[in-house]
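Chains as they are written, first to last, in our numbering: chain L, 1147 to 1470; chain E, 21 to 354; chain Y, 2 to 504; chain A, 965 to 1297.
Be careful, since some hints might not be right.
As the list claims (entries may be wrong) - Okay, the calculated bits of chain L under chain A, using three or more residues with CB under 8 Å as the criterion:
#1 1180-1189
#2 1291-1300
#3 1379-1389
Stated by the list, open to error - Facing chain E, according to a computed beta carbon distance under 8 Å, are these residues of chain L, among others:
#4 L1270
#5 F1275
#6 V1276
#7 M1277
#8 G1283
#9 V1284
#10 Q1286
#11 A1328
#12 I1403
#13 A1444
#14 N1451
#15 L1459
If you're looking for bench data, these hints aren't it; they were derived computationally from the structure.
Yeah, the Cβ is synthetic: ideal placement off N, Cα and C, and Gly gets one too.
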Amino acid sequence: MNTPVISSLRPPKVLSPVVLAAGLAIALLIVGEIVSPGFAGHGQIVNMLRVSAFLGIIAIGQTIVIISGGEGIDLSVGKVATFAAIIGSRVMDGDNTKLLPALTLALTVAAAIGLCNGLGITYLRIPPFVMTLGMIGVVQGLILAYTSGQAHGRAAPFLTSLVNGKVIFDLPGLLFLWLLLAVAVTWMLRRTTYGWQLFAVGANRVSARLSGIPVRRTVILAYVLSSVFAGLAGILLLGYTESVFLDLADQYMLPSIAAAVIGGTLLAGGIGGYAGTAIGAVVLTVLQSLLITLEISAAGRTVINGLVLIVLLSLYGRQRRLRT
Amino acid sequence: MNPAPPGTREPAPATLAHWWGRLRDIQVSGTATVAMLVVVIAVNVALQPNFFDQYALTSNFATFVPLVAIAVGQTIVVLSGGIDLSLGAQVTLASVVTVQLTDGELGNLPLALTAGLGVGVACGLFNGLVVVVARLQPIVATFATSFVFSGLALVVLPRPGGTMPSEFTSGYRDSVLGVPVALLAILAIAAGWLLLRRHRVTRHIYAVGGNAEAAFASLVPVARTRITAYVIAGMFASVSAFAILANTGAGDPFIGNELTLTSVAAVVIGGTALRGGRGGAIGSILGAIILALVSNIVFFADVPSTYRQLANGLVVILALALAGIPALQKRRSA
Amino acid sequence: MALLEMNGVRKRFGGVLALDDASLSAAGGEVHALLGPNGSGKSTLNKTLTGVVVPDRASITIDGSPVAIHGPRDAHAHGVAAVYQQLSVVDDLTVTQNVVLGLEPTRRLGLLDRRAARTVAAEVLTRFSPAFAGSVPYDAAVGALSPGEQQIVEICKALARRPRILVLDEATASLHKEQVHVLFEVVRELRDSGVLVVFTSHRMDEVFALCDQATVLRNGRTVGTIALADATEDQLVHMMVGDVERREEARRSHASDRTVLQVRGLTTQRLRDVSFSVAQGEVLGLGGLQGQGQSDLLLAMFGAAKIHAGEVLYDGVPLPLTSPVKAARAGVALVPGDRGRQGMFAVRPIQENLSIASMHRRATARLALSQRAERRAARGIVERLNIVIGGLADRISTLSGGNQQKVVIGKWLLNEPRVVLLDDPTKGIDITAKEEVYAIIRELADSGAAVVFNSSDNRELLEMSDRVLVLFEGGVVDELTDAQVTEEDLVASALRLEAGETL
Amino acid sequence: GGDDGSNGGNGGSGGDGPFTIGLSNGFVGSEWRTQMVDGVTEAFEEYQDEGVLDQLVVESADTDVNGQIQQIRNLINRDVDAIIVNPNSETALDAVFQEATDRGIVVVAVDQAVTSPGVTNVVIDQAEWARISAEWLADQVGSDGRIVVVNGISGHPANEMRWGAAEEVFEQAGVEVLTVADGGWDQATGQQVMSNLLATYPDLDGVWTQDGMAEGIFRAVQAADKLDEIVISGEARVGYMRLWNDARDNGFSSIGVVNPPGGAVSAVHMVVNLLQGNEFAADRVDGNTVHVPIPFTVDTNNFDEYWPDVENETDAYVLDGSLTKDEAAEYFD
Ligand SMILES: Nc1ncnc2c1ncn2[C@@H]1O[C@H](COP(=O)(O)OP(=O)(O)OP(=O)(O)O)[C@@H](O)[C@H]1O
Ligand SMILES: Nc1ncnc2c1ncn2[C@@H]1O[C@H](COP(=O)(O)OP(=O)(O)OP(=O)(O)O)[C@@H](O)[C@H]1O
Ligand SMILES: [Mg+2]
Ligand SMILES: [Mg+2]
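Here chain L stands alone, though its shape is the one from the complex:
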């Protein structure tokens, strides 16, 4: 029977979150350059991108987990990153040859933590929010038990030069690594069976199960990936600070979620992508830098930070009306 020709009637395409977020980043840069000249200088931009990379890479896992739906969220990413860095630095202890074993061990431990999250969420049916919240406590406990309060070791020189050194157009290798990861993740989400299953599971778990998708395995893997990327980010952060601290990456927990949401990934699950998240990470970092360089009290900064966040969020990731 005759159906309206959709192509001609397709709803006016809403500004894609990616474009929107990118616009924001640039807008903030301009504001920054105006209020404090030099803010948008090459060096500073590189420096802000470098810092964005850490948040951006942690947010890879966060994005995957959020897409997997079921109120999916991973609050433990910060602590896991810290723990990975602590393990990494102790094992590599400033020695390039030990970099690989260090990375392997750190990421394995991270993966194990992710596995626990996944199992608790799928089999014990603990809501992700609190499961990963509880995991923070456990990982903190592991950190103390492992270090007995005294972190050891140092970043391997190669790691440091990867993060702080300059490769091409005096950009640090870190940025190329990030780009590589971004491409890989986007490919995984868009062009692999796992990616499509992930979106399906996030969109509707019952349908997913009745379509023969291994729902639990998909979800568990999502949390494993989340922890692994968090761990990787932790190691890279270690390269940035060279020596490790007991609370190195803790503060990335909630920003990683904000980055994903600003990038247009829906907390409800089933919708999203990494490009937006990456730009979201940049936006947040630029905002932070901007606030630091502003001539206002810390209190004022915090308030403004909050208000700007609200604005950023309301530009995208709004929920639909009840009355259509």
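Once you've looked at the hints, dock chains E, Y and A with the ligands against the given chain L.
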């Protein structure tokens, strides 16, 4: 989702059903929660010989109140289908405003407490508007507003200071006929919830949390209900702030912020579904107490201090898992 | 004169013109059918009246005076109440709480008055107590009730609002026969007391049994209104869908006598020792009152239910019943009963909805997908089932009911299933779509698949099936083979037993 | 002993012993705290061997003020005779300290002074600590030198006290403070903050910072390779000194004022004295505060005196110092 075949449900006499209906209201949420509380108390008593000494009792309950109050607030938002990550910051803001206005004078207390409550209401209203009018996703929206609130707290009280009148702090540690005032405070909070639960607004909160579209189509004022939920939560945040002030006797611009996430854990351990629409605050109150007692246990069990947080974390996860068990069975049978 | 006048109602959803100058005029004291194919705009028109949908343009007059409806509360103020196709009950609230939802009787300070609430609920619910097997579960959570019972609660909620205009949007979709009878009694009483009932349904027999007038929508436009007294079913159908040829060949069976599928003593929480066998190319129908275990049987055969005992053999080899994943791998396909909740991924593109069950076959190393291969596969199905879509990248939610259902079926065709389980695949889709689905089913059977087919529509069940198993309370109680079967036999077969039980 | 609860009440007023002491630490995110706890444990063991102390109850976990209130109440319920506390708040523990002192428990605050009169603060003079490095920096950049400041956490008492003192120094010296930012006493944050400041303030003469961030700040300056232009007030921590040491050859000079975790060890000595009934000498206490000396300051001249001894410690190790028993005894009459 699969119905029981018709006719298999045994007819329940209306009167019985009616009493069951009444029971539901004071029904503490998960049996699992209650069981856990019993165990935790038992263990704590076993490990802490003087558990029932006047001071031990009073101080323990005094310790519980702030988390209990904020957990109740969190429960209400969660029931409405949201979550409030700014509650801790609200506690901070309310406490610094109160302490500044009190300025150590008993006379200023009434005004100060009213103002403190006002702060909670205002914050709740702000959250409500951001979530409902701007239609932001609660987790991130309240994460953002938490910056606003804690920033304002620093503006109000740039550095620790200000004192509460000694009557206020000592009264809190007092006990009436051997019953610690702090315990009475908890009972009062519980009573407050039970009253609230019989109120139309709370019924609407459950409905909106359970199924917003359906509630809307059924004439429930969804937007107003959501906002109200955040406002009520804000008021409980203020109560939590007062309890903290009674505990500390002085102001500190960082005091409440860390209560937020713990309150969510308490809610879940109390058997309330983060999905919204199902659960209740009594459970959360027990959940809050359980969480506090667990850390006591780990301490009195003489776990070496480097392993304490690990032990604590594992027990918390265990508690979260146990709290989920009834729901698990429900899902199985359904 | 007309109690309700709706004119020039227009509503666009993004790219879709759901209503385009629709109109409806109905008098008090009549039951007015609102008919039309899926997606023709019936629900949208209803929701416009009840204030759930904001029309782009509309003029509504009630009792001759124009009214502005800005939300459900306005509608309520004008005496409009509705039973929504998408139920508006809250699962976690009790039956009573749902019935009074939004209008809870209160004492001072807005404290709830439970007694009053109970009275209000009792007034409406007692009428339906037969539908609840004798006793009304006032304090049971609605989520725990069967779909039929939930539907009744939704109806009672509308009745409790004492409407002058009552909208019933596919209110009978999931009701048993006897529940329908009670509903009809009530509706007739309301009509006699001067209430206008707007009745939407895809079941023609119901329409003719209950309604006085009928207004027909088609692609969002009102085609016309006729008095049902002097109208034939064919006239109506024609108004709705224009000329549709009924594909008789769709019903011709090519069943071989080689048994391929054997179910032996299957027992679950809801199934009692179910045994039967299906021949290659055969369509086996599942009949009986709905909710007697038909859906459970299909879910169990797909490994989606906990099996207490029994096995399913294909060519003598046991099929895995432990998980849908294994079942799917073993060539079993299930088209579930609730398209929205169990069948599709509303926010995902049509492409993914079609690929999801079979992409691993085309992927390199079961992982890397080739855009081209997926597109080709999807296009193939779209053409084969002639699914009306804008583009493969559009969300499936943008499709109409019938087309969505075709996608859900198509997703399995790509997996070349040996056993196809269909749970009420034509529920709530229009006649054209139905015909097409019939053709697909037969095509599947002819290509050698064993088909098990549950349907709430006895007529199609008989027309489609080579044999029909009648289920009651989880057990097979009768088997009707082609020759003897008439719709009456089927109903009898289901009811006789119930009579037996009640003895 | 303390665990039988008998002398919980008379702990303060001299008497027999052996005593039970409790330690409450509300933050484990930094190695400084770990060193502090270890120090206390060692000191305790000596006294244990002498039979003066018989039990040390440690409450050390990441928590907030409310959590620390619970910690202290737990210690009270353990019937300790004395509590050494590194408080999470200057003011907000007053009431719970009151609970302790009411029950005759000796309470001593270390690292962070508190306002409650019943409690003795055994701390270094934070203002003095800040002044030393501020004066050095002011001297290096000279009057109308342009500097930025990376503080800890605004609103945090120690931060306010230190910055208050440092700000004064810079005003008098006519040093221009371009901006003040928070680094959260966290190397990574400090590093990010400094990089931002470097970008927006191209011509800086110096940066004044507090402990816990200098390493990050050094790296930021190094990355912008401005080590030769910008003077950094550093810290006496191995990680920083290692960087400092490597940069010395290119004439980089800095300063590290020791903020000793060992302050807690001095506190243990004093607690023992108090438990044994000794009173502070009037001239040693100022209000409820006893200032322990800042052990020493590392600068370019004496760098080699200290570096060899600590070279092999982990980066997070803080140069330390504490009073001996006898030195501590001199605080009492
Ligand atoms: N939720 C929706 N969002 C956007 N567009 C939609 C939505 N639902 C339907 N549409 C579009 O409106 C078109 C008309 O829908 P309609 O149900 O009338 O199709 P139809 O002609 O009835 O097809 P069928 O007979 O197979 O149901 C649909 O084909 C679909 O493309
Ligand atoms: N909320 C919505 N968003 C977008 N499109 C919608 C929405 N609701 C309905 N539509 C589309 O508008 C058209 C009319 O839908 P409507 O539900 O009114 O049809 P209907 O006649 O009730 O169909 P059915 O018989 O299946 O109930 C359909 O194409 C439908 O897909
Ligand atoms: Mg249709
Ligand atoms: Mg409809």
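Hint check results:
1. 1180-1189: holds (count 6)
2. 1291-1300: That given contact holds, which follows from 7 residues of the region 1291-1300 of chain L lying within Cβ reach (below 8 Å) of chain A.
3. 1379-1389: Since 5 is at least three, the answer is holds.
4. L1270: Holds - the Cβ of L1270/L comes within 8 Å of chain E, reaching about 4 Å at its closest.
5. F1275: Hint holds; F1275/L Cβ to chain E Cβ min 6 Å, cut 8 Å.
6. V1276: Where the cut-off is 8 Å and the nearest Cβ of chain E is about 5 Å from V1276/L, the hint holds.
7. M1277: For M1277/L, the interface hint holds, since the closest Cβ of chain E sits about 7 Å away, which is under 8 Å.
8. G1283: Holds: closest Cβ of chain E sits about 3 Å from G1283/L, inside 8 Å.
9. V1284: Holds. Min distance 4 Å.
10. Q1286: Holds, about 5 Å.
11. A1328: 22 Å, violated
12. I1403: Since chain E brings a Cβ to about 6 Å from I1403/L, closer than 8 Å, the hint holds.
13. A1444: 7 Å, holds
14. N1451: 5 Å, holds
15. L1459: 5 Å, holds
Violation of the numbered hints given earlier is confined to hint 11; every other hint is satisfied by the structure.
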